[in-house]
Amino acid sequence: MRRENVFWMALLVIGAAALLWRSAFTTEGMGREYVRAVPVANGRWTQSDPATYGEYQGAEAALPAQTEYQFSLPRTIGLWLAAFFTLAIFSFLFGDNPFYKVAEAVLVGVSAAYWMVIGFWDVIVPNLVGKIWPALVRAWAMPGLSGPEAEPSPSYIVVLVLSVMLLWRLAPKGGWIARWPLAFIIGTTAGLRLIAFLHGDFLVQIRNTILPLAVIDGGVFDPWLSLQNLLIVVGVLCCLVYFFFSFEHQGAVGATAKAGIWVLMITFGAAFGYTVMGRIALLAIRLEFLLDDWLWLIDPTGRRVAALLAGGGLG
Amino acid sequence: MKQTGPLLITAAGGFVLIVAYFIPFAQNWGELAAIWFDILAAVAFILGGGNLLKTHLKRISDRARGWGYSGVVVVSFLATLFVGLVKVGVNPSAQFPDFAWSGQYRQMGSAFWYLFQYAFTPLTATMFSLLAFYIASAAFRAFRAKNVEAVLLLGTAFIILLGRTFAGVALTSWIDPDVWAGFAYFTGLRLENLTVYIMSVFNTAGNRAIMIGIALGIVATSLKVLLGIDRSYLGKD
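In order, the protein sequence lines correspond to chains H and R.
Heads up: the first sequence begins at 141 in our numbering, then just goes up one per residue.
Heads up: the second sequence begins at 5 in our numbering, then just goes up one per residue.
Since the hints were made in silico from the structure, they are not lab data.
One or more hints might be untrue.
As the list claims (entries may be wrong) - Quick look at which bits of chain R chain H covers, simulated, 3 or more residues with Cβ under 8 Å:
1) 90-102
2) 118-131
3) 151-163
4) 173-181
5) 209-220
Given the structure is predicted, the values throughout are model-derived calculations rather than measurements.
Ideal placement from N, C-alpha and C gives every residue a C-beta, glycine not left out.
So that you can see chain H by itself, here it is in the shape it has in the complex (with noise of 0.2 Å):
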């Protein structure tokens, strides 16, 4: 074996080493997860809405018999699995390895399937077999339908037609038939785009840009906001400019195609900076839930205080 595969590997089992221990022997514990039962529809059957330790800590003192929060097995192996995918993601950073590929195939397979069954849940039943057959949605899973909704249309017959020359592409020959549904596809989104940014990006940008350059407020010339009024309205034309190539950019264009580059290269680097904060955001957020949720190690929200003073830790 390798050096650099022994030392990876010793450093995992003293880390799982250290997180059975930190588990089981301490008297802080880490990466448990608690519920608490809530009875729905007259206590026919019960929720677990989520708990902290600290509550369940607070029940067990006031009444050690209680059963209403509770330790949970399930979500706290979810707990460690969500712990796990997340440093195996963070392994890449090491290079390439084989956690890192079984966590990307799982967030494949997951993410495939999460958005099938949305589709089914939220638009197929609804509005495919809801419109053709709205007794059968009703009986089986939408019983509040009802009005309008309720009543048969046939037209959706032919979508149902098209929904299965869609799929039709997955057998091995006739793949040619799935071109109609991918057409009435291509077809309305070019429409629905055609529209949608003709009013809410081409016209709306420049009903915007057309501003005062002399801002008067209240009988007072405003010098500042006229300023910014005058940049705004220079700037996206400069932009412009730089955008319109049927002009060769020389001479007077040139000049002002420069001055747009420049605008354009200013607002390049706000989203930049503003992307790097969004990414580093998410990353405090998946540090935090390591730190937190799963190791315990900071306690940001106080939900395990009740926790350290029933068990003594504070004093």
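Fit chain R to the known structure of chain H by using the hints.
Chain R alone, transformed into the frame defined by chain H:
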């Protein structure tokens, strides 16, 4: 038939939506076409899932390199699909307790919620957070203040990053009229204020121009598709 039919469907679908926007009488057509589009988009997810399954089953069957990971994809895909479609662990809705399937498929505590909470969310969030390292690394290697444009880009990113942090605000907090009355004219130079000016003036101007350009590009592309000038989506045969 293989080409003409799809071309006519594309044109009809697109122009119905365009016409429906301008004619109140035809607005129902537009709504109907939009619902049909949503249904076909949902079916496209099924097509995507089917294709994923087909591809990975073939890799497993061929014992291709890394076929074990394909096995993980297939198992996680089928497990999520099963618990989501069958509503494993979902209680009936409180409103209709006698209808076993009336509960929300994403109900807290259900198996589908469990997979979303403990697999999908941590995996996607961590995957995106990983980009923080790569963006920083790429920026460090690619950004060099060689000319005015690069300086503007770098400088703006620096100001925006600093201006939105506690340290950045603290750096220029000394520009305070309470420290010296003359600073009242220079408070605009404080990093948090500079960030606001950049965002509200230059960033607004640049983004507006970009959005106008994108809108024109999309209109041109959509018209080319609807009029049958661009037929690349139909393939070659």
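#### Entry: Within 8 Å of chain H (C-beta), three or more residues of the region 151-163 of chain R
Contact hint for the region 151-163 of chain R vs chain H: holds, 11 residues under 8 Å.
### Query
Three or more residues of the region 173-181 of chain R near chain H by CB distance under 8 Å?
With 0 residues closer than 8 Å to chain H, the region 173-181 of chain R misses the three-residue bar; violated.
#### Entry: Proximity test - 8 Å, beta-carbon atoms, the region 209-220 of chain R to chain H, at least three hits
holds (count 12)
### Query
Are at least 3 residues of the region 118-131 of chain R within less than 8 Å of chain H when you compare beta carbons?
holds (count 14)
### Task
Tell me if chain H covers the region 90-102 of chain R under the three-residue, 8 Å CB rule, please?
Per the Cβ count (6), the hint holds.
Taken one by one, the earlier hints fail for this structure only at number 4.
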